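Given the coordinates of chain A, assemble chain B onto it according to the supplied hints.
Quick note, the sequences are listed as chains A and B, same order. Sequential numbering from 2 applies to the first sequence in the working numbering. Sequential numbering from 2 applies to the second sequence in the working numbering.
These are computed hints drawn from the structure, not numbers from a lab. Just so we're clear, the structure is a prediction, and the values are computed from it rather than from any experiment. Check the hints yourself; a few may be wrong.
Any copy, or any two copies together, can satisfy a pair, since identical chains are not distinguished.
[To be verified] 27 Å max Cα-Cα, derived BS3-like pairs, lysine-lysine:
id, residue 1, residue 2
1, 86, 152
2, 24, 253
3, 240, 250
4, 86, 24
5, 195, 253
6, 35, 240
7, 240, 195
8, 24, 152
9, 24, 195
10, 195, 86
11, 240, 253
12, 250, 195
13, 86, 253
Residues per chain are reported as follows:
2 protein chains.
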Amino acid sequence: MSVIAFVGLGSMGLPMATNLLLKGHEVRGVDLDKQSCAAFIQAGGSILASAAEATRDADMLIVMVVNAQQAEQILTQPDVLSGLKSTGIVCVMATCQPAAMRHLNTLVQSAGRRFIDAPVSGGVVGAESGTLTIMAATEQACFEEAAPVLKQMGERLFHVGEQPGQGAMVKAVNQLLCGVHIAVTAEAFSLAAKADINPELLLEIMSGSAASSWMLRDRGPRMLQDNPAVSSAVDIFVKDLDIVLSAGKDVKAALPLAAAAYQMFLTSSGRGDGRADDSQVIRSYQVLNGTSLTSQPTK
Amino acid sequence: MSVIAFVGLGSMGLPMATNLLLKGHEVRGVDLDKQSCAAFIQAGGSILASAAEATRDADMLIVMVVNAQQAEQILTQPDVLSGLKSTGIVCVMATCQPAAMRHLNTLVQSAGRRFIDAPVSGGVVGAESGTLTIMAATEQACFEEAAPVLKQMGERLFHVGEQPGQGAMVKAVNQLLCGVHIAVTAEAFSLAAKADINPELLLEIMSGSAASSWMLRDRGPRMLQDNPAVSSAVDIFVKDLDIVLSAGKDVKAALPLAAAAYQMFLTSSGRGDGRADDSQVIRSYQVLNGTSLTSQPTK
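In isolation and in its complexed conformation, chain A is listed as follows (with noise of 0.2 Å):
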């Protein structure tokens, strides 16, 4: 069993942490919200003032936080990666651009330590339920090293490749086709209300034919209502195609489908609606087009 030292205990990270600890490690929790640390003492786990507290002797850091801004203020505070074990790990699962993953591993072998690139993808259910999908990159003994603690977060565990970055580039295509996936569904439905087509008929023949995909059949439903609850946030697609398309710009790569998805979130996002539903960048389409859902029966 590990000492681990965990930083960053929001939605995804809170569940992970707690994972970890019903499999036995000592896990060492770090958050600046209060809330986040009553609830990870309440499933059993301890809480540090620092994350230099946190990685004193620890065999392995877990930095789970927004992004890669925040990681690097951790990675470059004073006694944190130097307070690790020398055989000790560095493992960043946030969504990061790849350049920015090359960055926070120079800065963790700088140190002498080791580091890993694993972004994770499946949402809080996943993180809850251990079945969250882990793309890393690092050197394969690394990988080896790590991976029985990996897989107790995430079953789906693959080793996408040796440099650090290739994770999150893995994670960057990942979000490339969900997002165009979640647009295109909006686009479908656009063009079908422009001819009084039933949308729940039109969702019904869809999501059984060659047109489906996993997101049309997730947040399809959810396009369908005015306010769906928030599984995930327009601003949260926002930043992940940002991330996609800054990624793009790092190795020269014209994405013409990502840019044309990003500018319907963006301006979903412009419009005030960044922290509905990302199904409801269908608004924007709605908007653009004229076009409404509830609107238009069959006739």
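This is chain B only, laid out in the frame that chain A set:
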């Protein structure tokens, strides 16, 4: 049992007409191609020399030709519509623009006959097994009358509206999703190739995540082959996405993702790949971004 004139015995029409034959209908086939006629006779059908001969006192005329122009040529030949029983139904199942379907409906109504706009999806496999999805638009009474025959060609029969053109619109929406899903899968592979991500591993990860689509799972593996067998050609999506964009133009709906995807298929065709498998739209991304799938192992 009905007397059915069936015009167009191509790769889709032949198995559809054969299924009707096997259910006990009198099916009168018409096609310019001698091999197709011979195959239908082999299956137990009869071939008539012209559409006018085939529709004489028939209950139904099914038109399964390549496009709306061919359908109009058939419906405007002397005695084709007037030859049908006065209660006769004309069912056009080709993929056409919604506006073209409305025009064909006008032609048929002028001759005192009823019209069904009923495109299909499901490909040759669906046509052979009788499991096509049929998207029918016509008045309720006419739909109910034709439904038993339509069901014998496609078990997923949907009444999508009472206005001719609505069937074609649902088919267009279907193709919008399919075309964008193929193109975005290629876009995803192209970005990943820039970061030396193993494409087989990427496909495995994406197929099981929220990034998945029917097209990703079906066309993705063929994108990793240099010259896959042709299941459906690039030029079919050049045609179908052109229909999608025309349908959008007709109702003045902006379709940014479909428009971008169309460009990638169009330029594939322009480089001479029109008859290649539609998965090879990935070559457009490869020339654009200088990527190659086969030369990029994970390292």
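Hints versus structure:
In this homomeric assembly, residue 86 and residue 152 come within 27 Å of each other (Cα to Cα) only inside a single copy, at 22 Å, whereas the closest approach across copies is 69 Å. In this assembly of identical chains, the alpha carbons of residue 24 and residue 253 never lie at most 27 Å apart, being 43 Å within a copy and 58 Å across copies at closest. Proximity of residue 240 to residue 250 under the C-alpha cut-off of 27 Å is restricted to the intra-copy arrangement: shortest distance 15 Å within a copy versus 32 Å between copies. Proximity of residue 86 to residue 24 under the C-alpha cut-off of 27 Å is restricted to the intra-copy arrangement: shortest distance 21 Å within a copy versus 76 Å between copies.
Proximity of residue 195 and residue 253 under a CA criterion of 27 Å is satisfied inter-copy only: 9 Å between copies versus 37 Å inside one chain copy. In this assembly of identical chains, residue 35 and residue 240 lie within 27 Å of each other by CA distance solely inside one copy; the values are 26 Å within and 59 Å between copies. In this assembly of identical chains, residue 240 and residue 195 lie within 27 Å of each other by CA distance solely across copies; the values are 21 Å between and 31 Å within a copy. Taking the closest pair of Cα atoms, residue 24 and residue 152 come within 27 Å of each other only inside a single copy of the chain (11 Å); across copies the shortest separation is 55 Å, beyond that limit.
In this homomeric assembly, residue 24 and residue 195 never come within 27 Å of each other (Cα to Cα): the closest approach is 54 Å inside a single copy and 38 Å across copies. For the identical chains of this complex, residue 195 and residue 86 are neighbours neither inside a copy (63 Å) nor across copies (35 Å), given an alpha-carbon limit of 27 Å. Proximity of residue 240 to residue 253 under the C-alpha cut-off of 27 Å is restricted to the intra-copy arrangement: shortest distance 19 Å within a copy versus 30 Å between copies. For the identical chains of this complex, residue 250 and residue 195 are inter-copy neighbours only, at 11 Å across copies versus 36 Å inside a copy, given an alpha-carbon limit of 27 Å.
Proximity of residue 86 to residue 253 under the C-alpha cut-off of 27 Å is found in neither arrangement, the shortest distances being 39 Å within a copy and 64 Å between copies.
The structure shown violates the earlier hints numbered 2, 9, 10 and 13.
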